[in-house]
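For the record, the sequence lines run as chains L and V. Our numbering numbers the first residue of the first sequence as 1 and each following residue consecutively. Our numbering numbers the first residue of the second sequence as 1 and each following residue consecutively.
Since the hints were derived computationally from the structure, they do not count as laboratory data. Any given hint could be a false lead.
Said to hold, decoys possible - Computed beta-carbon distance windows for the label pairs:
#	chain 1	residue 1	chain 2	residue 2	range
1	V	28	L	31	35 to 41 Å
2	V	8	L	59	24 to 30 Å
3	V	81	L	86	35 to 41 Å
Said to hold, decoys possible - Taking lysine-lysine pairs in the PhoX-like style, the calculated list, with each CA pair at most 25 Å apart, reads:
#	chain 1	residue 1	chain 2	residue 2
4	V	56	L	64
5	V	68	V	17
6	L	55	L	14
7	V	102	V	3
8	L	55	V	102
9	L	41	L	14
10	L	41	V	102
11	L	41	V	68
12	L	55	L	20
13	L	20	V	102
14	V	56	L	66
15	V	3	L	14
16	L	20	V	41
17	V	102	L	64
Unchecked claim - If we take Cβ atoms under 8 Å as the criterion, some of the chain V residues that face chain L in the derived model are:
#	residue
18	19
19	36
20	43
21	55
From the three backbone atoms N, C-alpha and C, an ideal C-beta is built for every residue, glycine too.
The lines below spell out each chain.
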Amino acid sequence: GAVVSQHPSRVICKSGTSVKIECRSLDFQATTMFWYRQFPKQSLMLMATSNEGSKATYEQGVEKDKFLINHASLTLSTLTVTSAHPEDSSFYICSARDVAWYQETQYFGPGTRLLVL
Amino acid sequence: ELKVEQNPLFLSMQEGKNYTIYCNYSTTSDRLYWYRQDPGKSLESLFVLLSNGAVKQEGRLMASLDTKARLSTLHITAAVHDLSATYFCAVDQPAGGTSYGKLTFGQGTILTVHP
Numbered sequence: 001g002a003v004v005s006q007h008p009s010r011v012i013c014k015s016g017t018s019v020k021i022e023c024r025s026l027d028f029q030a031t032t033m034f035w036y037r038q039f040p041k042q043s044l045m046l047m048a049t050s051n052e053g054s055k056a057t058y059e060q061g062v063e064k065d066k067f068l069i070n071h072a073s074l075t076l077s078t079l080t081v082t083s084a085h086p087e088d089s090s091f092y093i094c095s096a097r098d099v100a101w102y103q104e105t106q107y108f109g110p111g112t113r114l115l116v117l
Numbered sequence: 001e002l003k004v005e006q007n008p009l010f011l012s013m014q015e016g017k018n019y020t021i022y023c024n025y026s027t028t029s030d031r032l033y034w035y036r037q038d039p040g041k042s043l044e045s046l047f048v049l050l051s052n053g054a055v056k057q058e059g060r061l062m063a064s065l066d067t068k069a070r071l072s073t074l075h076i077t078a079a080v081h082d083l084s085a086t087y088f089c090a091v092d093q094p095a096g097g098t099s100y101g102k103l104t105f106g107q108g109t110i111l112t113v114h115p
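With the rest of the complex left out, here is chain L (with noise of 0.2 Å):
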């Protein structure tokens, strides 16, 4: 079945400094990615949508200078945390939607979980 691969699983990071995670479809082509964040034992909440060719899109609240996004082939879609503070500590956690045969089936990544320092 189809696989969503995100890279790496876990940092640490001091304060300050950028991070960037990256989000793979592995067998199939995603124009559109999404990229949402968990806090502990919450649920999830979209951060933004990643759209190859342009620009991602970003939901109520969310910092596109903080969070830059990057969709740069129909497979690859990139995050990056700049300036990470503490409270950017989360489990990131990216989907891809296959479309093919009307399936409409949303796989998510495994996570990248994020600590900052």
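Take the given structure of chain L and dock chain V to it, following the hints.
Below, chain V alone, put in the same frame as chain L:
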């Protein structure tokens, strides 16, 4: 603004018992998903429900969708310990929208199955 509410949020079950998790949503949509999340893990897709009256079953889990009532249910039959996890429903953009794939999640239901 689309709101998705699950209940119960916590469910403690005995093995062998049946129970239902409910997912209500606030605006029209004909696309609803159920996911399972194990501690520290990402989401595993369980069901994709794409039309009113859709019913899908996999093992001890059965999901249904009533778009008129804006309600989906996840029914657990004869629960076993391996079903212990957090279950999320998620609703896609309102019907007729062009931004499908943007999911709004319920709060999640933490299911614990005891021997």
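For which of the previously enumerated hints does the structure constitute a violation, in increasing order of number? 1, 4, 5, 6, 11, 14, 15, 18, 19, 21
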